[in-house]
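Visitor: Residue numbers (UniProt numbering), protein chains in the order written: chain A, 1 to 371; chain B, 1 to 291.
Don't read these hints as lab results, they were simulated from the structure. Mixed in with the good hints there might be a few duds.
Chain B regions said to be covered by chain A (calculated; three or more residues, Cβ under 8 Å) [said to hold, decoys possible]:
hint, stretch
1, 3 to 16
2, 127 to 141
3, 177 to 185
4, 207 to 220
5, 230 to 243
Restricting the straight-line Cα-Cα distance to at most 27 Å, the calculated cross-link-like pairs of lysine-lysine (BS3-like) are [what the hints assert, rightly or not]:
hint, chain 1, residue 1, chain 2, residue 2
6, B, Lys182, B, Lys171
7, B, Lys2, A, Lys259
8, A, Lys256, A, Lys216
9, B, Lys182, A, Lys190
10, B, Lys23, B, Lys263
11, B, Lys171, A, Lys277
12, A, Lys259, A, Lys190
13, A, Lys277, B, Lys160
14, B, Lys2, B, Lys171
15, B, Lys2, A, Lys262
16, B, Lys163, A, Lys216
17, A, Lys190, B, Lys2
18, B, Lys163, A, Lys277
19, B, Lys2, A, Lys256
20, A, Lys190, B, Lys171
21, A, Lys216, A, Lys190
22, B, Lys2, B, Lys182
23, B, Lys160, A, Lys216
24, B, Lys181, A, Lys190
In this text, a Cβ means the ideal position worked out from N, Cα and C, and glycines have one as well.
The residues making up each chain are set out below.
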Amino acid sequence: MEVCNLPLSPSQRAKLVSAGYTTIFSLSSISPLDLARDLNVSHNEAAQILKIALQSTRFDQSINNNASIVTGGQTAWDMLREEQFITRITTSCEDLDNILGGGINCQEVTEIGGVPGIGKTQMGIQLAVNVQIPLECGGLGGKAIYIDTEGSFMVERVFQIAEACIEDLLESRVFQQQDYQACRERMQPKTFLTNIFYFRVCSYTEQIALINYLEKFITENRDVKIVIIDSITFHFRQDFDDLALRTRVLSGMALKLMKLAKSFSLAIVLLNQVTTKFTEGSFQLTLALGDSWSHACTNRVILYWNGSERFAYLDKSPSLRSASAPYSVTSNLWNDELCHPYLWAHFKRSIMLLGASSWLTHRGSFRSVAV
Amino acid sequence: MKPENLLNLSSHKCTTGCLTLDKFLSGGIPCNSITEIVSESGCGKTQISLQFLLSAQLPISHGGLSSSSLFIHSEYPFPFRRLHQLTLSFLSSNPNVFSSSYNPLDHIFVRDVQSAEELIGLLAQIDRFIENPPSPLPVRLIVIDSIAALFRSEFDNTPKDLKRRSSLFFKIASMLKLQAKKFNLAVLITNQVVDFIGNDVVNGMRVGNLGCLYTSGRRVCPALGLSWANCVNSRLFMSRNVEIVGKETDLEEPIGGVRTRRKLQVVFAPHLPESSCEFVVLREGVFGVDS
Chain A
1 MEVCNLPLSP SQRAKLVSAG YTTIFSLSSI SPLDLARDLN VSHNEAAQIL KIALQSTRFD
61 QSINNNASIV TGGQTAWDML REEQFITRIT TSCEDLDNIL GGGINCQEVT EIGGVPGIGK
121 TQMGIQLAVN VQIPLECGGL GGKAIYIDTE GSFMVERVFQ IAEACIEDLL ESRVFQQQDY
181 QACRERMQPK TFLTNIFYFR VCSYTEQIAL INYLEKFITE NRDVKIVIID SITFHFRQDF
241 DDLALRTRVL SGMALKLMKL AKSFSLAIVL LNQVTTKFTE GSFQLTLALG DSWSHACTNR
301 VILYWNGSER FAYLDKSPSL RSASAPYSVT SNLWNDELCH PYLWAHFKRS IMLLGASSWL
361 THRGSFRSVA V
Chain B
1 MKPENLLNLS SHKCTTGCLT LDKFLSGGIP CNSITEIVSE SGCGKTQISL QFLLSAQLPI
61 SHGGLSSSSL FIHSEYPFPF RRLHQLTLSF LSSNPNVFSS SYNPLDHIFV RDVQSAEELI
121 GLLAQIDRFI ENPPSPLPVR LIVIDSIAAL FRSEFDNTPK DLKRRSSLFF KIASMLKLQA
181 KKFNLAVLIT NQVVDFIGND VVNGMRVGNL GCLYTSGRRV CPALGLSWAN CVNSRLFMSR
241 NVEIVGKETD LEEPIGGVRT RRKLQVVFAP HLPESSCEFV VLREGVFGVD S
């Protein structure tokens with residue numbers, strides 16, 4: 001390190017250089033008295049210069065130590081410690097939270113897929129609301145970005161879900177009287193609505209442009225804790241004759257999303273459609289966008305019908321085992337007889353742990369997952 | 001790129017013209033969204049489409065869109081006489097809304113298409129028409145009756161053809177959604193059904209609230225399969241079942257001791273719960289029956 005990089009006044013630097021002290025190393029073994037004489041400055045000033053030089057060398061060394069590992073590298077121990085502080089967003093369904101290890105993970109990309117009408121959009125809206133549960137109620141108190149490619153996002157539904165969520169929060173907490181009033185006033189469905197940044201996207205070029213823009217947007221809105229794309233698929237199922245090109249575009253997008261999740265510590269939720277795949281002379285069900293896409297997400301949840309019950313199946317996760325859990329889509333407004341005024345009602349406890357039985361290997365039926 | 005303010009995002013609905021059905025659909029069919037009605041022939045899907053063409057003209061205070069509408073049909077012939085009949089009852093049931101010289105037929109534009117390519121060609125230049133409609137009312141409703149007829153003949157049951165077909169579905173849906181967003185349109189599409197044949201895994205798969213769809217005592221599934229189901233925002237199913245009537249008197253006139261019960265059900269919709277509503281088709285139009 002050069003002397004001229006030290007945080008000294010220009011005159012001091014000039015004196016050091018003209019006296020022959022050009023590197024910090026040359027200052028390392030000299031006494032303040034000698035330096036004062038060489039530079040023709042006071043003893044105090046010389047001591048000050050040496051002190052600054054010493055501090056810089058220490059700083060320099062600590063940088064060098066870190067640089068010995070590749071920049072940004074981390075030990076597994078650090079990562080494990082960090083993981084304990086990763087926050088999760090509840091799905092409001094206890095069983096589903098359990099198989100997900102507590103909810104949708106921040107810092108990760110989670111894909112949720114299923115047939116039309118199974119409740120993907122409902123799940124997306126629910127998460128956009130749940131991310132806003134205030135810190136004192138055990139939530140994240142964050143904001144949401146909702147990217148709508150299909151046009152299924154209905155404001156009236158968001159309003160209902162927000163209302164149900166507020167009701168539930170107020171019920172589940174024992175408040176002091178004035179606390180209750182204050183909370184009630186603070187938590188308005190309208191506030192929940194204004195904390196969802198809604199983007200409607202009408203083509204795949206727009207979708208790519210928006211995802212490129214997200215980084216800037218989130219830098220300006222640091223409290224965004226979840227990005228929901230409903231659905232990632234829609235615009236990629238037309239106009240792509242060149243499937244290799246589609247794969248490249250998609251994996252570029254997936255990389256950007258993963259980077260966002262990591263660097264801003266937020267959850268990315270991608271909703272995906274189901275399609276049929278022609279193999280070995282028969283049609284099988286699979287999530288859309290092909291095999292290479294299935295590597296793009298950290299977690300993959302498949303929603304399916306089991307008889308007349310809805311089930312969620314954790315198909316892929318680096319740390320949790322595959323399992324399925326029942327859930328339901330309900331509403332406090334339409335179904336008064338339902339005991340729980342909630343979207344994803346807490347169902348009877350029945351988590352079924354499954355072995356390696358894969359969803360795809362069973363021809364065309366989600367049903368066979370449940371043993 | 002700026003996020004839209006959800007508080008200002010309109011969720012206009014187009015009324016059905018019947019209070020019971022409106023209550024069932026929570027106000028009618030939503031704008032900026034594609035609603036599909038699936039049923040076998042003769043159930044009443046064209047009837048209700050025609051009714052929407054008229055009720056869209058009602059002022060917003062009456063639940064309508066105060067708009068003219070575009071009817072794209074692929075099934076022949078266009079039921080002009082029936083539309084005329086409905087017009088008369090529409091005017092007499094809304095006596096103080098329109099001036100005496102108002103003719104609802106002036107605000108309905110009809111166009112026929114014969115193939116999927118033709119429909120895509122039409123949709124590609126439709127914004128010019130919507131921007132300058134030949135009517136003082138803006139266009140806020142597009143009805144396509146029916147989508148299935150466009151895809152019935154041309155395609156083989158080979159993977160290659162199916163892929164080409166589903167690519168067309170997504171193209172049509174995305175063009176419609178783009179226009180729906182741009183002009184805040186309500187889009188209504190009718191679809192046919194096909195008989196369910198045992199061991200058909202893909203068609204037999206449950207989509208939406210209803211495990212199996214039954215009409216006229218047969219098990220059916222919506223035409224065009226799973227990929228098309230991914231293209232629409234809401235799907236409604238109309239069924240018809242013939243019942244032998246006992247001694248009870250009922251709403252519809254029993255013909256030889258037999259009556260038809262018609263039902264409208266929500267298969268899936270982002271804003272509607274699982275529910276169903278009985279309806280009748282009368283001379284004056286389609287009406288819901290309070291249960």
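Visitor: Against which earlier hints does the structure fall short, listed by number upward?
Guide: Of the numbered hints given earlier, those the structure breaks are 2, 12, 16, 20 and 23, listed in rising order.
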